[in-house]
Amino acid sequence: MTASGSPVSTGSVSVPHLDVDPFDMNFFADPYPTHQRLREAGPVVYLDTWNVYGVARYAEVHAVLSDPATFCSSRGVGLSDFKKETPWRPPSLILEADPPAHTRTRAVLSKVLSPTVMKQVRDRFAAAAEERVDALLDKRSFDAIAELAEAYPLSIFPDALGLKPEGREHLIPYASVVFNAFGPPNELRQEAIARSAPHQAYVAEQCQRDNLAPGGFGAGIHACVDDGEITAAEAPLLVRSLLSAGLDTTVNGIGAAVYCLARFPDQWQRLRGDHSLARNAFEEAVRFESPVQTFFRTTTRDVELSGAQIGEGEKVLMFLAAANRDPRRWDKPDSYDITRRTFGHVGFGSGIHMCVGQLVARLEGEVMLTALAQRIAKIEISGEPKRRFNNTLRGLDSLPVTITPA
Amino acid sequence: MPAITFIHPDGKSERVEISGGESAMEAATRHGLDGILAECGGNAMCATCHVYIDDAWLARLPDMADDEDALLDGTAAERRPTSRLSCQIKITPALDGLVVKLPERQV
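Heads up: the sequence lines are chains A and B, in that order.
Taking numbering that gives the first Met the number 0, I'd label the letters of the first sequence as residues 0 to 405.
Taking numbering that gives the first Met the number 0, I'd label the letters of the second sequence as residues 0 to 106.
Incorrect hints may appear among the rest.
Straight-line alpha carbon distances no greater than 30 Å define the calculated DSS-like cross-link-like pairs of lysine-lysine that follow [to be verified]:
{"hint": "1", "chain 1": "A", "residue 1": "163", "chain 2": "A", "residue 2": "110"}
{"hint": "2", "chain 1": "A", "residue 1": "331", "chain 2": "A", "residue 2": "385"}
{"hint": "3", "chain 1": "B", "residue 1": "100", "chain 2": "B", "residue 2": "89"}
{"hint": "4", "chain 1": "B", "residue 1": "11", "chain 2": "B", "residue 2": "100"}
{"hint": "5", "chain 1": "A", "residue 1": "110", "chain 2": "B", "residue 2": "89"}
{"hint": "6", "chain 1": "A", "residue 1": "118", "chain 2": "A", "residue 2": "163"}
{"hint": "7", "chain 1": "A", "residue 1": "118", "chain 2": "B", "residue 2": "100"}
{"hint": "8", "chain 1": "A", "residue 1": "331", "chain 2": "A", "residue 2": "377"}
{"hint": "9", "chain 1": "B", "residue 1": "89", "chain 2": "A", "residue 2": "118"}
{"hint": "10", "chain 1": "A", "residue 1": "110", "chain 2": "B", "residue 2": "100"}
No lab work stands behind these hints: they were computed from the structure.
The following block holds chain B by itself, in its conformation from the complex (with noise of 0.2 Å):
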């Protein structure tokens, strides 16, 4: 089962498995994860389940659709060239072991 690692701004991190076709954000809110708000429950609304990607991992990712380039610039945390929605990303076996920063804030 593929896993993925959220690094909290206090330097915590946390590991969590996902379920098949799973998102990054349906994983970490089924995990009760704080820091991810995902307040539109993943309809692509709202941009509470942003993240931070770790460099070594960002090209492997999916392209980003241009509704979420557009929502990121609504990010209550600054938006940076590694930021996505986490809702966005799902876990395919190639991203096992992908790291992720969470923002110091969500609203």
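Chain A extracted, bound-state conformation (with noise of 0.2 Å):
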């Protein structure tokens, strides 16, 4: 492979091209034979449907990651090229940025969601994960997604990030336009962003430093402001990625974990062996479902990866979630294993933008766990669960569970 540089040169191969729409409701509903078809068909792939570059081996999708100056973000991560569409929002300072612009807004983001910040915020997070199984524990049956996986990260980021009590009913539907406005000009898409008004009015206001609480995330990205990190201009686009990338994703990230260990009885056994597992059940949950299943990159010059010769301004699809599950590098890749190795898998991406709000996302979904293994003998699937559709994230709308007590 030669992302980066010197091509050292295989010839080129050809790029076969393929008909398959990764943003159709039939692939939406099983993903799995169509990764399995781009995996094989070559390591680039071209999607005649939206004319673009494909990659879906955990090779190339590193690659692609790894090399931020020719697989540029700047030019958005979604299907729209911004040299060449207006982007429907002001364009996020850090998700769709390059360095060196994107050095200084990352610096900020890691400092405010630090490993030291979730040192402080860890207990208040588990007692609110305690709190919501005992309360589950009161019901026996109820929905999964609803109750548990949303209920829980919304009883604790939008305190977290300082937001006020009203208009929080806002912050998943406006995740929910910004993941489908990734996607390409689709009903999803289109529908997302004509109902997206309130929402953006919302979360705008919110994102100004007097609507922000004391301590938390929100005031801590405006108060590098006073430290001349960023400008008063850049604070309240900053908090904007918080709100939209720090809800939704936990939720289909919690919502994939009690999924899956509700369909692998052996592995919610093991578990509740061993409680230290749950921080791993929950990463492989993210390998395995993969909440963000996609991104773009756009072509910054003409490239050679492995083999397949790219031109400049090509948007090239990068299929997070086949790489989860590529044999090439995974053993066994469609087993849930909680004692698995997750180590490099891209469910959070990889290099310079690889998700800044992970360590938030891993205490949510450790603490989670731990709380449900330490007081449920057993969760049952009740019902038939419902899939969510959206361009971007992979995740159920319910899933009808009853649990048993320890």
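Need the complex rebuilt from these two chains, each delivered in its own frame; the hints are there to steer you.
So this is what it looks like as structure tokens:
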């Protein structure tokens, strides 16, 4: 692979053209056969439906993520090329930025969401997880998406950010718009954007300094203005990044973990036997289900990738989910194994744009799975799970379960 | 081929050979060594590849960058003057024989 610089020329290989639409409802319902087809077709493919290149094997996805100078983010990490189209909202100062601009804003968010800060919020997050599970034990039967995967992050994250109590019902719909908007101009995207005005207005308002409670992540970002690390105009947009990417993703991550543990009772029993596996059980769910399925990059120059020639200004779609189950990288990739060494999975991305909120996500996942394992003997799926469709996120709309106390 | 030694909290030591240009963390994870988690995959974000450097070697390591310094404040086990993140230590021939101690926990 020669994603960066000096081509170890292997001669150009032809790029297979595929007619799959990775943003189609039928694909979302069961993406796995298509993922396999994409991986087997070649290291680099071309998707005629949207005129983009695609990479679905681990090595090429990792290579693209590791070379931000060639595969840039500033032209948008969705299908839309910001050089040719006006973005639906002002671009993110971190997600949709390249070095050196990215370096400064990334440092600010890394500081606000650092391991030190996680130590400070840990007890609070754990207590809230225990409270939530206790409430669910009173009910016994409930929807594990609405009442667990959504209710838990909603009970801690907006407070940790420092949001006002009013209007929080906009948070999940806003994130849903953001992640749908990375997709092509299909019905999902168009409808989401058409309905986005009130959610956008709410979010823009909450990002202002006066609306964020002292001591929260949001106030922490604004405090960096006083230190001269960012400008007063940049701070609200960085708070917006936390509101866009900090909630729906963890909802889908926790939902994925519960769905896995309910489907694979042997893994649940392992977790019951050793609660210290909770953190890895969550991590493995992120690999196995890949709540964030895809992201795009745009080439800044002509490049050779695993023998394939890609011109400048081309969109490259990275199938993170397919890479996380590539048999070239993973032993028994389609097994959910909570003792697996998950090192290197791309569920949170990799490289300079790797999810800046990963520590928050892992903390939420770990304390929730620990609380579940401590208090519950059995989780059974008691109704038909319903899928939620989104151009970027994979998750459920509802998951009826019945739990038995330990 | 350079090799380094990891000493576990129980005193057991493991010698790990380094392939060209690897960091101490990469070598540890490639060998499946328990005690180095490296949750962020070496992107200097998580502080779960924390190690204590043997006194004799400390001065011979490359300097610490600001981001590593900040991350070390968030380690699960106590931060000591000898603390480093193993993902930030590229093993050169000059570091052949490096000895590092693993902390009690990484999360």
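- [ ] Taking the numbered hints from earlier one at a time, note which ones the structure violates and give those numbers from smallest to largest.
- [x] none
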